[in-house]
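**Student:** So the protein lines, in turn, are chains A and B. If you read the first sequence in my numbering, its first letter stands for residue 1, the second for the next number, and so on. If you read the second sequence in my numbering, its first letter stands for residue 1, the second for the next number, and so on.
Take the hints with a grain of salt, since some may be wrong.
Distance windows between CB atoms, simulated [what the hints assert, rightly or not]: (1) ARG337(B) with GLU124(A): 29 to 39 Å; (2) THR106(A) with GLY238(B): 57 to 67 Å; (3) LYS81(A) with GLY168(B): 55 to 65 Å; (4) ILE57(A) with LEU88(B): 19 to 29 Å; (5) GLU64(B) with SER85(A): 30 to 40 Å; (6) GLY79(B) with ASN31(A): 49 to 59 Å; (7) ASN18(B) with SER85(A): 27 to 37 Å; (8) THR106(A) with ASN18(B): 50 to 60 Å.
By construction, these hints were calculated from the structure, which means they are not laboratory data. Cβ atoms here follow ideal geometry from the backbone N, Cα and C, with glycine treated the same way.
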Amino acid sequence: MHTVTGSLIGMYHICKREMWLHANHIRMEHNSELVAEGKQLHEQAYPQRAERYREIILDGSKIDFYDPYDKVVHEIKKSDKLEHSHVAQVQFYLYLLRRNGVEGATGLIEYPKLRQTQTVRLEEEDVPMVETWVQDIERIVTSEQCPDRIAKSKCRSCSYFDFCYATEEP
Amino acid sequence: MKQPKYLFNAGRMSRKDNTLKFTPVDEDGKEGTPRYLPIEQVGDLYVFGSLDANSALYNFLGQEGIAVHFFNYYEHYTGSFMPREYLLAGKMQVDQTKHYLAPKKRIEIARRFVEGAANNILRVLKYYENRTRSTPDCVDSTLLDAILTVERLLASVPTATDVPMLMGIEGNIRQTYYDTFDAIVGATFCLDGRSKRPPRNELNALISFGNMLCYTACLSTIYHTQLNPTISFLHEPGARRYSLALDIAEVFKPILVDRLIFRMINKRQLQPSDFRVEIGSCVMKEAARKRFVQGFDEQLKETIKHRVLGRSVSYRHLIKLECYKLQKHLLGVEEYRPFKAWW
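Same shape as in the complex, but just chain A (with noise of 0.2 Å):
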């Protein structure tokens, strides 16, 4: 069984193949230099980050920064540009966070290289949508066989592009 995380959720809405290896342990973060510029931004970006928040895991899904006396989950992005994979993330949070009872919760996308911030909402409309996603990852993940590559220009920033685009000529 394989537990729907924020990161697939993210994966779902940019590349199926990527989540699937993902989702199968099969990974690529530790030779790409991307990754590891995200992690550090992670780490720094909010030197001043206040005690209050927390990091809370919920139904095996982990959220860095939880403000729970404003409700508001924050999510840090490296990204030069806002992306609608992120904003389904923190969806995903927050419906994590409904679905455990805390009512009202809203999102933060900060992005400390745009010095800019996205606010995130959930509708009760919304829920149904969230419940979608997760239910079409975990058939996803579970099958056999491994999606398609995308065949994007965003291929070659990503960490597995290796992996998709090596091959012989006949």
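Start from chain A and add chain B according to the hints.
**Tutor:** Positioned in the frame of chain A, the structure of chain B alone reads:
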């Protein structure tokens, strides 16, 4: 950037904060000036000299995922300190095992390794055939004959129905290939048939040593993927502890090792005086060994423009790409086609 480090001198390696400290020790047991190796720059350690180290060091190296490969006085590979697996993937492991257990699936992969090796052998042979042809007074047809024989043997690879039969074909290809070595470097060295454990003469010593380096390079690369190095397809698992590295090395040996040997001999970077012939065996002298290891290291760092990825990749990275292709085959994503040198 992580780089492999080669230790030829005797000395003591220790952990100093988060750095490696190497203190050379001379023959009289006198300590020299220590050298420091920042841990983020260290790939694997290759130990040729005598190394003093304690468990604190190995714990540190293990934690950092750094392997240590040991070679004895006769340059034979004696073993490796391999850190705990850090990239376990149950699915990958199961799929790899399944492909080993099903004879049909296994032979399919094994054939590919032999094809890869044969193609790269042909690349080397054709290069030298071309060169001898441009020498006007040369009428030797050894290389041309060998090319035709290897091509014929390669064509028979699909007919091999089991691994021992395939190994037979592979053996014949190697035999034909080694028989041409005298035609390539005959003026200074003579192979006089392949001999191992121990190698009887200089050229045999070089081949054995080079193959060992290639094997350890493959082993280290496999370690940084989710493949299990002990489950192999062409070689029998347990032939050596990490037999998948033998499979993959098969493909790269002609390109990484043999070419280097020919180049170094033909450029007179290696001479008969660089070897010490002992009763029934032959070893490289230390200075020559250093030169050869350096040559091999430079070879691995050299880059080529990859035709499919469209960017420059090092020879070392080619080994990694080979692992990825194999992984994809095992996961049923894409059929494995072995690396084929085109230059």
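**Student:** If a hint holds in the structure, say so; if it doesn't, say that too.
**Tutor:** Checked hints:
Separation of ARG337(B) from GLU124(A) is about 52 Å and departs from the stated range, judged on CB atoms against 29 to 39 Å. Judged by the Cβ atoms, the range 57 to 67 Å given for THR106(A) and GLY238(B) holds: they are separated by roughly 58 Å. Between LYS81(A) and GLY168(B) the beta carbons are some 58 Å apart, a value that agrees with the proposed interval 55 to 65 Å. For the pair ILE57(A) and LEU88(B), the beta carbons lie near 22 Å from each other, so the given range of 19 to 29 Å is met.
At roughly 32 Å, the beta-carbon separation of GLU64(B) and SER85(A) lies within the given 30 to 40 Å, and the hint holds. Distance hint check for GLY79(B) and ASN31(A): the Cβ-Cβ separation is about 26 Å, which falls outside the suggested range of 49 to 59 Å. Range check, ASN18(B) to SER85(A): Cβ separation about 35 Å, and the 27 to 37 Å hint holds. In this structure, THR106(A) and ASN18(B) break the distance hint of 50 to 60 Å, their C-beta atoms being roughly 41 Å apart.
When each numbered hint is compared with the structure, violations occur for hints 1, 6, 8.
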